[in-house]
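Peer 1: So you can see what is in the structure, the chains are spelled out below.
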Amino acid sequence: MRSFAFSAAENVDQAIIACESNNAEASYIAGGTTLIDLVKLDVMRPERVIDLNRLPLKEVERLDDGRLRIGALVSNTDLAHHPLVTEHYPLLSQALLAGASTQLRNMATTAGNIMQRTRCPYFRDVAAACNKRDPGSGCDALGGINRMHALLGTSEHCIATHPSDMCVAMAALGATLTLEGPNGIREIAFGDFHRLPMDRPDLEHELEPNELITHITLDTPVVGGGSHYLKLRDRASYEFALASAAVVVAVEDGVIRDARLALGGVATKPWQAMEAEQALTGQPAKTESFEKAAEIALADALPREHNAFKVPLARQAILRALEKATQAAMNS
Amino acid sequence: MDTQVIGHRTPRVDGEFKLTGQADYTVDWQVRDMLYGYPVSASIAHGTLKTLHLDTARAMPGVVDIFHHGHFPELYRASKNQVSEMRLPFEDERIHYDGQYIALVVAESFEQARAAAHTVQADYHQEEGARTSLLDTNQEGQLLESEGVSRGDPEKAFDEAPVTIDHTYDIAAESHMQMEMHATLAEWRDERLIVHESSQGVVYQHKAMARIFGLPEESVEVVSHYIGSGFGNKLFMWPHAVATAGAAQMLGRPVKTILPRQQDMESGGNRPASRQRLRLGAKQDGTLLSIRHDSTTETSFVHPYVDSLGSATPSLYACDNVAISQRLLEVNHGTPCPMRAPGETSGIHALETALDELAVELGMDPLELRRRNYAKNDPASGLPWSSKYLDDCYTNAAKRFGWEKRNPTPGAMRDGDEVIGWGMATACWPAMRLSCSARVELRDDGSVMAACGTQDIGTGTYTIVAQTVAELSGVPLKDIEVRLGESTLPAGPLSGGSMVTATALPAVAAALRNAFDALKEVATGENGAFEGCDPDNLEIEAGALVDKQGKRVSFGEILSQQKLGSVSGDGQAAPGDEKSQYSFRSFGAHFVEVRWDPGISRLRVARVVSSIDIGRAINPSAARNQVEGSIVMGIGMALTEKLDYDPRDGRLINNNYADYIVPCHADMPEIDVELPDNPDYTLNEFGARGVGEIGLTGIAAAIGNAVYHATGKRIREFPITLEKVMDT
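These protein sequence lines are chains A and B, in that order.
Under our numbering, the first residue of the first sequence is numbered 1, with each subsequent residue one higher.
Under our numbering, the first residue of the second sequence is numbered 1, with each subsequent residue one higher.
Read the hints as simulated data drawn from the structure, not as lab findings.
If you're wondering where the values come from, they're calculated on a predicted model, not measured in any experiment.
Check each hint, because a few of them may be wrong.
Unchecked claim - A few chain A residues that don't get close to chain B, going by computed Cβ distances all over 10 Å:
(1) Ala26
(2) Leu38
(3) Asn53
(4) Ser155
(5) Lys292
Unchecked claim - As a list, the in silico DSS-like pairs of lysine-lysine whose alpha-carbon atoms are at most 27 Å apart:
(6) B:Lys376 with B:Lys399
(7) A:Lys292 with B:Lys724
(8) A:Lys324 with B:Lys724
(9) B:Lys548 with B:Lys563
(10) A:Lys324 with A:Lys292
(11) B:Lys283 with B:Lys713
Cβ atoms here follow ideal geometry from the backbone N, Cα and C, with glycine treated the same way.
Between the sequences and the hints, there should be enough to build the whole structure, so can you do that?
Peer 2: This is the structure we're talking about:
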């Protein structure tokens, strides 16, 4: 860990100014569960770290239009157990609790979860070639051990998986991020925030320099929707997904009225399977429809040497999650 | 033996120290003027170091010096049995494995040393052809004549056998993943070298350090009061300790080095990968006619470590025709070393899996197959067992498990979405004992101090020594002090081989009895409490001496009366000729239930019932804890644990707790451990055979056998990750 200058901001403006006012490589810190880990490994080398923990961004509130606004600094634990979340967005709660461990969730924040970096071992090893860490250096994962790597949204420059569970639920639920920076406040759809790696895997998101996420606003809940988050992994807890599926379905008279489907563990960003969602809508809520949706969702999957099993595994996650969500919708 | 303390569930005497942070682990030690070392690791596995770029690091805040080839003391090599790696740090510029130390940065703080170490750049001449794993190559390795065993004519018996199986089993290399990282604090004081090390063998490290630094043995002291486990990778010293002591010598200041997890996994030991071919021949009724067990394991290019895979096989089952062979292949990995039940964990795994395959071939219950081949004597030596109740273990554990309800057809037992699989295997580990010394002091305040140069690696040695003293003296546990983990104490054994209990307790008892004799001499001497009394007429009772008339005087009073602070006794204990009369092994049985959900490819261990006969458990709580921990470790071996060496260049990819997957709390099955109480007094007066390792043997095989029973798929490459069993 290299030394860095540390300062704490009291409000958003101070934070932006502190970040802006110095030419040195600056980084915001909230829970620190990604940043400090990577600084210790010498993967991230901020010269200046601005602490956001005093910012007044810790509220969860229901807006007049029925959406839910979440402050960037709400911890993963608090969010998972918040009554407005457990009541209206049980999918989000399930996904949060499927991620990391209690200790990490206590530290990790909502915005920090969105900003977390990949667990690709070649990204975490400064001696390996990695276009995400060191643009232009190559990608050791392509021909290396890539069992944990992505099937969807990959490029010849990067196949690193986005590791979040929470983000998969948000991709399914629909959300808007509020960003604030030197040029003011703006909003961006959750699905547009994370970038595909393409030929610049080091550019992971749409934040401008010195900008930060202040709020995450979830779309209004799907009326009468049943939901399920299913995470398949090597051990029962504290482990990243090999494949996960976040599903919301609303069913009327045995027909799917509305469907949301997002995938985790198999894509380079939180993966909303939009075509599969469309294919489900208006179809009978039964296995044949689910199988068709899974096929569509994974049609573009590009397996590598060690992760081909993730194609059928993701299919299994989709089918079971759709079954469970449908049952939940029928029972609600 | 009617016991008051031994055999009872005594809480750990060091529990309070651990809970309150008073237990002094190596990393907790702070001494004046101390510096911190942080190793720089090679990032290639095969080649030579051309240039080290140290200028940036040297200019960093707090950096005092950087040691490397050409800037390090000239030292002597220790013998291969004294250290984990014979090659001295920075000896030459050859790189034999990823993670090999190429420099040691020493700075005023840990953070400064680490920051500077990260800036060190190295140029290498990387060579093609790194041997990345035994399992990536067809090379056979060198045949080890010393490991070969043969009886009867196994080849002929196999050829003539009506039923045979011939399969090869691969097990990936594993990491110990002990909680506490390797760490060394080295301090030179007036030509004496004082080392704090997280060590499973202070006496052994003491001798190795003396030899490497060319010092008289009395000029070295090694301390290891508390150890956050080791599972074998702290038995013998690693290069970080030598590098740290060498740096401290050159700088004239104490240096502490704590390995980060990444380096600990790369260069601090591993269980080598293995490839084993099992050929079994049997009659239709299950009688084994032939067993051939041919193994290959790995070692590094810098140390010839041999994991002895076939050593249990000749003894486990009655069979007249047996042959064992073993090969050793050098690979570009950090040196392997013993890991909990070394060798036999891998070997029994293959044998017990092969037996399950044979049972399927025969259409026979796997438990019945084992019973048919029960070895009443040791078929390897022909000697009777010192004590063997494996048949009871089979019966009891099968009953507790409900084995009689097993439907033998794979996949036939279901519960909702899940398929249930039941499997079993035998567990076995040798019972060993070495010679040992101890000292006991009876003090005028009524307390007792017992000391032995062995150590407690977290298993409960402090507690069982205290229990032994309490049992024999009647002094309450709270008044007993146990000192372990210092090489200057009377020499004790390595904390390995499950032999500390059988080795150290008799020495402590001998020392205590000698201390009693010394006390009686004081008591019966001039002006003593029992002046003129025949010492033989004095009994020990509840911390006091009692004569035939019922007069009772406490130890403390006897000493105070004579103005004596204490009396002490030195004791030695050693094995006798019992090994020429008996074979010593512990046995047990594991029964496992797995749950397989084929719709989502989810495989979990749901239930384990084990009956493990270890003779007498000195402390049943601590003993059960050892078996339960072993079972959890076995779940990792069976399902998830695997060191991933990149097949292109031999670099270790998953060198951390997140990417190397050990079972977590949510993976814990329901565990039911029975420890039948069958004291084995032929091994020692307490009837204990040791318990640290046996629980790990057989458990992964039982899990694999249960996976077969659930899925109908026989996976012969371990671990059984889900892609190997999923329906595609």
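Peer 1: Confirm or reject each hint.
Peer 2: Comparing the hints with the structure gives:
{"no.": "1", "hint": "Ala26", "in the structure": "holds, 18 Å"}
{"no.": "2", "hint": "Leu38", "in the structure": "holds, 12 Å"}
{"no.": "3", "hint": "Asn53", "in the structure": "holds, 22 Å"}
{"no.": "4", "hint": "Ser155", "in the structure": "holds, 21 Å"}
{"no.": "5", "hint": "Lys292", "in the structure": "holds, 17 Å"}
{"no.": "6", "hint": "B:Lys376 with B:Lys399", "in the structure": "holds, 22 Å"}
{"no.": "7", "hint": "A:Lys292 with B:Lys724", "in the structure": "holds, 26 Å"}
{"no.": "8", "hint": "A:Lys324 with B:Lys724", "in the structure": "holds, 26 Å"}
{"no.": "9", "hint": "B:Lys548 with B:Lys563", "in the structure": "holds, 25 Å"}
{"no.": "10", "hint": "A:Lys324 with A:Lys292", "in the structure": "holds, 17 Å"}
{"no.": "11", "hint": "B:Lys283 with B:Lys713", "in the structure": "holds, 25 Å"}
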